[in-house]
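*Asks:* Using numbering that gives the first Met the number 0, you'd call the opening residue of the sequence shown number 0 and step up by one each time.
Treat the hints as calculated values from the structure; they're not laboratory data. Remember, it's a predicted structure, so these values are computed and weren't measured experimentally. Think of the CB as a built atom: it goes at the ideal place given N, C-alpha and C, for glycine as much as any other residue. Don't take each hint at face value.
Pair ranges (Cβ atoms, derived) [what the hints assert, rightly or not]:
#1 Asp36 with Val89: 19 to 25 Å
#2 Gly110 with Thr81: 27 to 33 Å
#3 Leu77 with Glu9: 35 to 41 Å
Result set (BS3-like, lysine-lysine): computed pairs, CA atoms no more than 25 Å apart in a straight line [what the hints assert, rightly or not]:
#4 Lys14 with Lys116
#5 Lys104 with Lys66
#6 Lys116 with Lys104
#7 Lys14 with Lys135
#8 Lys14 with Lys4
#9 Lys72 with Lys135
#10 Lys53 with Lys104
#11 Lys14 with Lys113
#12 Lys104 with Lys72
#13 Lys66 with Lys135
#14 Lys116 with Lys4
#15 Lys113 with Lys53
#16 Lys4 with Lys104
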Amino acid sequence: MASYKTQCEEVLRSKGIANFARRVGRGNSDWETLVFDVGVDGWSAHFSVNINQKGNMVHILSQPEWKTMPSSKLAQTLLFVTLLNWEVAVGSVDLDMNDGEVRYKTTAEFGEAKDIKPILATFLDYHFSCGLRYLKAFIAIRDENVSAERAMEIAGHRGGGSSDGLLAEIVRTTLQ
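Go ahead and model the full structure; you've got the sequences and the hints to work with.
*Replies:* Now the structure itself:
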């Protein structure tokens, strides 16, 4: 069976992402990283797919290309991140209050699975879908001065765990 890295590369290519850089081990030789940018409607996000073959784990980190929120927007960004994390079904959104850096992280552990491509494709779809919606909300806070509550609407969350419904729909579609 192909390595997790090879399977990740195949899944990314199947989604039209062929230009990614590879990094090995940043201090830990068990990890390999695929790095790429995805652009939508004139803005882009930076993605890192970190693969640990030994630990049977894939970790995805995404950040806006500009990475940090202005200090004048930190209060409403913090409220948005707090509200969002109450509803995120998979992963978490972080805000570094020191420098305003924002990021969305998800991790999947695959146990003893050898062929991870089907579930990895679903996992990546979920991360990209959420990550890009969250990016739109961060941009609205930064550029349009929207409230945290309005940012939640932009991110597709209106209470009641709407992200669970999105995940269920993605899984249902993938399994058909």
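*Asks:* Each of the hints needs a verdict: does it hold here or not?
*Replies:* Structure-based check of all given hints:
A C-beta distance of roughly 22 Å is found between Asp36 and Val89, which places it inside the suggested range of 19 to 25 Å. Between Gly110 and Thr81, the C-beta spacing of about 32 Å keeps the proposed range 27 to 33 Å intact. Here the CB-CB span from Leu77 to Glu9 is close to 39 Å, well matched to the stated 35 to 41 Å. A hinted pair counts as satisfied when its Cα atoms are at most 25 Å apart, and Lys14 with Lys116 qualifies at roughly 12 Å.
With a C-alpha separation of about 14 Å, the suggested pairing of Lys104 with Lys66 holds against the 25 Å cut-off. For a cut-off of 25 Å, the pair hint linking Lys116 to Lys104 stands: about 20 Å separates their Cα positions. Only pairs whose Cα atoms come within 25 Å are accepted, and Lys14 paired with Lys135 is accepted, the gap being roughly 21 Å. With a C-alpha separation of about 15 Å, the suggested pair Lys14 and Lys4 falls inside the 25 Å cut-off, and the hint holds.
At most 25 Å may separate the alpha-carbon atoms for a hinted pair to count; Lys72 and Lys135 meet this at roughly 15 Å. Straight-line distance between C-alpha atoms of Lys53 and Lys104 comes to about 20 Å, which keeps the hinted pair within the 25 Å bound. Restraint check: the Cα-Cα separation between Lys14 and Lys113 comes to about 21 Å, which is no more than 25 Å; the hinted pair holds. A hinted pair counts as satisfied when its Cα atoms are at most 25 Å apart, and Lys104 with Lys72 qualifies at roughly 21 Å.
Distance restraint check for Lys66 and Lys135: the Cα-Cα separation of roughly 13 Å lies within the 25 Å cut-off, and the hinted pair is therefore satisfied. For the proposed pair Lys116 and Lys4, the alpha carbon gap of about 11 Å is at most 25 Å, so the pair holds. The straight-line distance between the Cα atoms of Lys113 and Lys53 is roughly 12 Å, inside the 25 Å bound, and the hint therefore holds. Distance check on the hinted pair: Lys4 and Lys104 sit about 18 Å apart at the alpha-carbon level, within 25 Å; holds.
Hint violations for this structure: none, all hints satisfied.
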